[in-house]
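Listed below, chain by chain, are the residues.
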Amino acid sequence: MIATIFKKELKDTLRDRRTLMTMIIIPIFIFPVIMTVFLKVSEGFAEDVAKKTVNIGIVVTPENMNFAKTIENLPKILGKKKVYVYHDSATVQKHIQENRLQFGVFVPADFAKNSIENKTSKFKVFYNATEMGMKDRAEAFLNTFEEMEKAKRYKALKVDPASLSPIAFDYRNVASDKETVGKLIGGFLPYLFIVFGFVGCMYPAIDLFTGEKERGTLETLLTTPVSRLQILLGKMGVVVLSGVMAATFTLLGIFLSIEVFQIVKDPKLLEIIHQILTVKFILLMYLLLIPLIVFFAGVMIPITVYAKSFKEAQSIITPLNMLMILPAMVGFFPGIELNAITACIPVVNVVLATKELIAGTLDIGLLLLSFGVMTSLALLAILFSYKRFDRESNLVS
Amino acid sequence: MIEVKNLRKEFELSKQQRKELATDAKIAVAVDDVSFNCEAGRIFSLLGPNGAGKTTIMRMLSTLFKPTSGSITIGGIDAIANPQEARKKIGFLTGSTGLYARLTPNEIIEYYANLYGVSKADFTERKNRLYDLLDMNQFQNKRIGKLSTGMKQKVSICRTMIHDPEIVIFDEPTSGLDVITAENIIKLIRDCKDQGKTVIFSSHIMSEVDLLCDDLAIVHQGKIVHQGTMENFRSEMQTRNLTAEFIKIINENKTA
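Those sequence lines, one after another, are chains A and B. Read in the working numbering, the first sequence has 33 at position 33, and its numbers run on one by one without any break. Here the working numbering = 1-based position in the second sequence + 1000.
Some clues are possibly wrong.
[Stated by the list, open to error] Simulated crosslink set (EDC-like; lysine to aspartate or glutamate; CA at most 20 Å straight-line):
(1) B/Lys1152 - A/Glu146
(2) A/Lys80 - A/Asp48
(3) B/Lys1066 - A/Glu146
(4) A/Lys308 - B/Glu1012
(5) A/Lys152 - A/Glu117
(6) B/Lys1146 - A/Glu146
(7) B/Lys1146 - A/Asp48
(8) A/Lys7 - B/Glu1110
(9) A/Lys7 - B/Glu1020
(10) B/Lys1066 - A/Asp16
(11) A/Lys387 - B/Glu1245
(12) A/Lys124 - A/Asp160
(13) A/Lys11 - B/Glu1107
(14) B/Lys1142 - A/Asp16
(15) A/Lys308 - B/Glu1020
(16) A/Lys80 - A/Glu117
(17) B/Lys1015 - A/Glu392
(18) B/Lys1026 - A/Glu392
(19) A/Lys11 - B/Glu1110
[Said to hold, decoys possible] Simulated DEER-style distance windows between Cβ atoms:
(20) B/Phe1011 - A/Phe333: 30 to 36 Å
(21) A/Glu392 - B/Asn1232: 45 to 51 Å
(22) A/Pro319 - B/Lys1187: 47 to 53 Å
(23) B/Gly1117 - A/Lys387: 40 to 46 Å
(24) A/Lys11 - B/Asn1232: 49 to 55 Å
(25) B/Phe1011 - A/Lys11: 34 to 40 Å
(26) B/Thr1068 - A/Lys11: 34 to 40 Å
Calculated directly from the structure, the hints in this document are not laboratory data. Computed from a predicted model, the values in this text were never measured in an experiment. We put the beta carbon where it would ideally sit given N, CA and C, even for glycine.
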């Protein structure tokens, strides 16, 4: 009987456009679309910044007119530039604000004298922080100039630059590349899974419980010789499957982004991603994900059973969505590790365990503890849903 | 046959409900000491104004609600102790019955046949017979959402009868329907009687009751205020017509 109800509800659900959107279309396309747009925009922006001719305002005194010429003659590899000479810094600042200059340099009057005396001169550099990338361009020009000045001093002082560097540190990362990537960006994948897993459950849960009550079909269904537990499990099965499918389509979207849309250009990073996305990894992730989705369904169903209308159910579940997403964000913070305590916190344990799984550092004991906690909560959620579903006051409007 | 003895249903009142009803009582009695029998091959009608308790009685008979006290026997089965067995014998149809808009009549009928455990051979034979009888062959594969109210009502009838129930419960089956669509229901109730089924239907329309029923009970404020055969009701009438007599009985029991 559970299978009969499951099959019918699945057919009904798959014919619902809203569910199809949240279960298949959005999860499969959101990641490729966002990543492609993000990469195109950021690549385009970086290209624009690099290509742009930088107008540089130099505030000089008659003693150091040479500075402007030196900047003008800096290597062309640093990008196109035009140098304008000013005699007061107020006009330079005004022109930067008006976007006529990208940055300005105030050269102190004693710069030439300090150079001869091997002293430090304080240059003021004006820039507009809202014009992205221009501070970096300024630093590139000025650092090159500083290196040239240093070289002159080394020569004048007859000093070998190497003699001023007594130690050369060679930092070696003992973590594997997979572990480094896993710990740094591994929180992203479980976050997406949780968000889409939750949203994937949401519409079918509301449709199959509140919707059925609202449309007047539940009353008839409850007069059939099928127990309420069987009806609940048949419907819940479809809610869980929808959540798992949404998460699966998210994974498929990521796969498409990498393999078809080729958003990852770095071959080394691509190799690491291939190392992470193994069959074993996916199976272990589903081991954590399925009880989590059952838990989500179990939390949503009592609400959808209680709610009298689609709108009411939606207005209660939407804030709950935020409540589930916040712990899912824990994976973005470095330093929070899976341990005996975090393994007992629902949602957080799945995020951290998946992160460890990606990094290849997952402790099997903690995996089982997380799985056990989520499975127990899922069973409690089913029991609670059943208690609610069995209450006659919740069944008919 | 349906046997109902000393049926009582109480509902707990929430704070909000107590406020709305301006009462301190923690419970509301929807049905109080109701007893009646519905015989096979006869049509029994529960008549009463809106809010009298008809739907609560019907929901207890169809095992949707559990009575607070009393007993219900459906075709010899104790419906309170064994609701799932009792449901096998019941066909339930209400005026507010909805259907799954994204499914077709064929899919809905097959779904309910499976839920009632109807064998494939019986399903095919009954489906063909009901489709011919109700003239449903033309729209059997159209989605419910695209059907007219009359077509939907035919699907509801077919859904109610696909397991050939021994007892048929109709809760205000014609409410909200136009005369032509309501005619399908009237015909169905008559057919059920002719087939020897036990039929109970609730209504607040006296003319409908007059047209169909053999036995009636008038319910008011959760209690039965009149019970007997339709024949006796007509012969003992003290007013000009049935509606006037129904109003008279209700008014006499208003303060009770």
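*Consistency of beta-carbon spacing, A/Lys11 to B/Thr1068, with hint 34 to 40 Å*: holds (39 Å)
*CA of B/Lys1066 to CA of A/Glu146, is that 20 Å or under?*
violated (89 Å)
*Does A/Lys387 pair with B/Glu1245 here, judged by a C-alpha cut-off of 20 Å?*
The given pair, whose Cα atoms are some 46 Å apart, is violated under the 20 Å limit.
*Supplied distance hint 40 to 46 Å, evaluated on CB atoms of B/Gly1117 and A/Lys387*: Violated: the Cβ-Cβ distance is about 27 Å, outside 40 to 46 Å.
*A/Lys11 and B/Glu1107: Cα distance at most 20 Å?*
Given that 20 Å is the threshold and the Cα spacing comes to 10 Å, the pair holds.
*Could you grab the alpha-carbon distance between B/Lys1146 and A/Glu146 and see if it respects the 20 Å cut-off?*
Not OK: B/Lys1146 and A/Glu146 at ~78 Å, beyond 20 Å, violated.
*Take the C-beta atom of B/Phe1011 and the C-beta atom of A/Lys11, compute their distance, and say whether it sits inside 34 to 40 Å.*
holds (36 Å)
*Keeping to a limit of 20 Å between CA atoms, is the pair of A/Lys308 and B/Glu1012 held or broken?*
holds (18 Å)
*Is 45 to 51 Å a correct range for the gap between the Cβ atoms of A/Glu392 and B/Asn1232?*
violated (36 Å)
*Does the alpha-carbon distance linking B/Lys1152 and A/Glu146 stay inside the 20 Å limit?*
Since the Cα atoms of B/Lys1152 and A/Glu146 sit roughly 85 Å apart, the hinted pair is violated (cutoff 20 Å).
*Are the Cα atoms of B/Lys1146 and A/Asp48 separated by 20 Å or less?*
Measuring from Cα to Cα gives roughly 55 Å; hence the hint is violated.
*asked:* Does A/Asp16 sit within 20 Å of B/Lys1066, going by the straight-line distance between their CA atoms?
replied: violated (34 Å)
In this structure, the earlier hints numbered 1, 3, 6, 7, 9, 10, 11, 12, 16, 20, 21 and 23 are contradicted, and the remaining ones agree with it.
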